[in-house]
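**Student:** Protein sequence lines correspond, in order, to chains D and L. Residue 164 is where the first sequence starts when you use the working numbering, and the numbers rise one by one after that. Residue 164 is where the second sequence starts when you use the working numbering, and the numbers rise one by one after that.
To be clear, the hints were calculated from the coordinates, so they are not data collected in a lab. Accuracy of the hints is not assured; some may be wrong.
[Unchecked claim] Estimated spans, in silico, between C-beta atoms of each pair:
| no. | chain 1 | residue 1 | chain 2 | residue 2 | range |
| --- | --- | --- | --- | --- | --- |
| 1 | D | Leu410 | L | Arg215 | 29 to 39 Å |
| 2 | D | Leu211 | L | Ser165 | 54 to 64 Å |
| 3 | D | Tyr324 | L | Ser267 | 51 to 61 Å |
| 4 | L | Ala408 | D | Tyr324 | 45 to 55 Å |
| 5 | D | Glu172 | L | Val320 | 52 to 62 Å |
| 6 | L | Glu351 | D | Ser286 | 22 to 32 Å |
Being a predicted model, the structure only gives us computed values, none of them experimental. Backbone N, C-alpha and C fix where the C-beta goes; we use that ideal spot for every residue, glycine too.
Protein chains: 2
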Amino acid sequence: MSHTEESVEIRVDEELIDGTLLTPSPPATAAPGVLFLHGWGGSQEQYLGRARTIAALGCVCLVIDLRGHVRSERRREVVSREDNLCDCLAAYERLIAAPGVQRSAVGVVGSSYGGYLAAILTSLRPVSWLGLRAPALYEDEGWDLPKRWLHHDTDLVAFRYRVVPPEENVALRASAAFRGDVLLVESERDNVVPQAVIANYRSACRHARSLTYRVLEGADHGLSEEAWRSAYTTLLVNWLIEMTAGLRGPG
Amino acid sequence: MSHTEESVEIRVDEELIDGTLLTPSPPATAAPGVLFLHGWGGSQEQYLGRARTIAALGCVCLVIDLRGHVRSERRREVVSREDNLCDCLAAYERLIAAPGVQRSAVGVVGSSYGGYLAAILTSLRPVSWLGLRAPALYEDEGWDLPKRWLHHDTDLVAFRYRVVPPEENVALRASAAFRGDVLLVESERDNVVPQAVIANYRSACRHARSLTYRVLEGADHGLSEEAWRSAYTTLLVNWLIEMTAGLRGPG
Chain D
164 MSHTEESVEI RVDEELIDGT LLTPSPPATA APGVLFLHGW GGSQEQYLGR ARTIAALGCV
224 CLVIDLRGHV RSERRREVVS REDNLCDCLA AYERLIAAPG VQRSAVGVVG SSYGGYLAAI
284 LTSLRPVSWL GLRAPALYED EGWDLPKRWL HHDTDLVAFR YRVVPPEENV ALRASAAFRG
344 DVLLVESERD NVVPQAVIAN YRSACRHARS LTYRVLEGAD HGLSEEAWRS AYTTLLVNWL
404 IEMTAGLRGP G
Chain L
164 MSHTEESVEI RVDEELIDGT LLTPSPPATA APGVLFLHGW GGSQEQYLGR ARTIAALGCV
224 CLVIDLRGHV RSERRREVVS REDNLCDCLA AYERLIAAPG VQRSAVGVVG SSYGGYLAAI
284 LTSLRPVSWL GLRAPALYED EGWDLPKRWL HHDTDLVAFR YRVVPPEENV ALRASAAFRG
344 DVLLVESERD NVVPQAVIAN YRSACRHARS LTYRVLEGAD HGLSEEAWRS AYTTLLVNWL
404 IEMTAGLRGP G
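With the rest of the complex left out, here is chain D (with noise of 0.2 Å):
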């Protein structure tokens, strides 16, 4: 299957956010849409090339820069957890308004703190598939403080080697009541989200219909080598290919 590109903007909060709609052609009358949430200080270019791959398999996908990059990089000190999240609704929206796209047959993939991101989401819309790849933890408090703060004004590093209950964080929270499946991808050797972080996710993912774990050998927070970038690229296609059976049509 081939599919075609265009790129968007999304309107949030009187600004606009920059992202590519990739439709499968011909395009299908009830595909699964996906939408693709990139790092702290990436852009959607990071999810663009899989995002073809999955286009070509029959879903619509969606990938976007959030605000405080790109765009509007010159935010990046003021940018909060909020503003980005409303970008992530607003994505959401945008997605499920393309033509074709099955509402009740949604996923969110994120890394990093996008992962965060699409892990709150999921509290917030109907997602089915939730794609965490080296997902961010963060203290809830200060929600609407510059995000950028987070990593001046707290004790972040000794945070993310806690055990931190799902009660307490509202991605761990909204990650123990997602009923859905579950794709929870670890770089091995990871300085900034480091394993207890994955594994507080991971217990907190409780009550998911399906749970794939696995760790990229090796691999660093970034996936800084491109044999790490590929593995992970397998991992979720083939997660997504086997979410998604069924409904994606004729391939």
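Fit chain L to the given chain D structure using the hints.
**Tutor:** Positioned in the frame of chain D, the structure of chain L alone reads:
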């Protein structure tokens, strides 16, 4: 790839158990080995078809009849967990003695009672991959007593609805210490091994290198319908393909 089959007799405690050894053809020089353990009341037939598929992928496979079954069915009422664990150990030794088996690449797959034994086996022999379908759980007490007595003399049903910490149970303790890859398959409508037991195994497997947790929709404990058996076969085969990728030689 094709495979060859050979009936084998394996000596345990002055008795013989029957098995079938399946070897990829042409034989590999360093093939993964997989041991399959049937549930209580079953036989090697339960896994023979799946073992054929997996042997054809390049794994040496061994299916066995546990004591108290088939040839020694008359001893059904007296065979103990200790007896059957000895069967598993003898079968494990037979598997790794087969030509071409890579001793550092052995998987054990079991259903129900066979899953319980498989979990315990990982604490006694090197195992890389542990496949558990609807694994049973029993209290440790009465280990040497006839297995059948556990269903008469203990409140097994109540026990199986309890949260059991890994420290309290030999199979969960083994699961908690296991560092390899785990496949955990639940039947959605299992009246014998309820969801709580699967949740106990899932929590216990906290150090697993990877976890693949799936629920067979609508399925009963014994997978009485062909669609459920086939769905399980697909999960198991895909998991073993992923786990043994790069180890099976040219396939």
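**Student:** Each hint: holds or not?
**Tutor:** To see whether the hints hold, each was checked on the structure:
1. D:Leu410 with L:Arg215: 29 to 39 Å: Given about 31 Å between the Cβ atoms, the range holds.
2. D:Leu211 with L:Ser165: 54 to 64 Å: 43 Å, violated
3. D:Tyr324 with L:Ser267: 51 to 61 Å: 32 Å, violated
4. L:Ala408 with D:Tyr324: 45 to 55 Å: For L:Ala408 and D:Tyr324 the Cβ distance comes to about 33 Å; the hint is violated.
5. D:Glu172 with L:Val320: 52 to 62 Å: With a Cβ separation near 59 Å, D:Glu172 and L:Val320 satisfy 52 to 62 Å, so the hint holds.
6. L:Glu351 with D:Ser286: 22 to 32 Å: 24 Å, holds
The structure does not agree with the numbered hints 2, 3, 4 stated previously, though it agrees with the rest.
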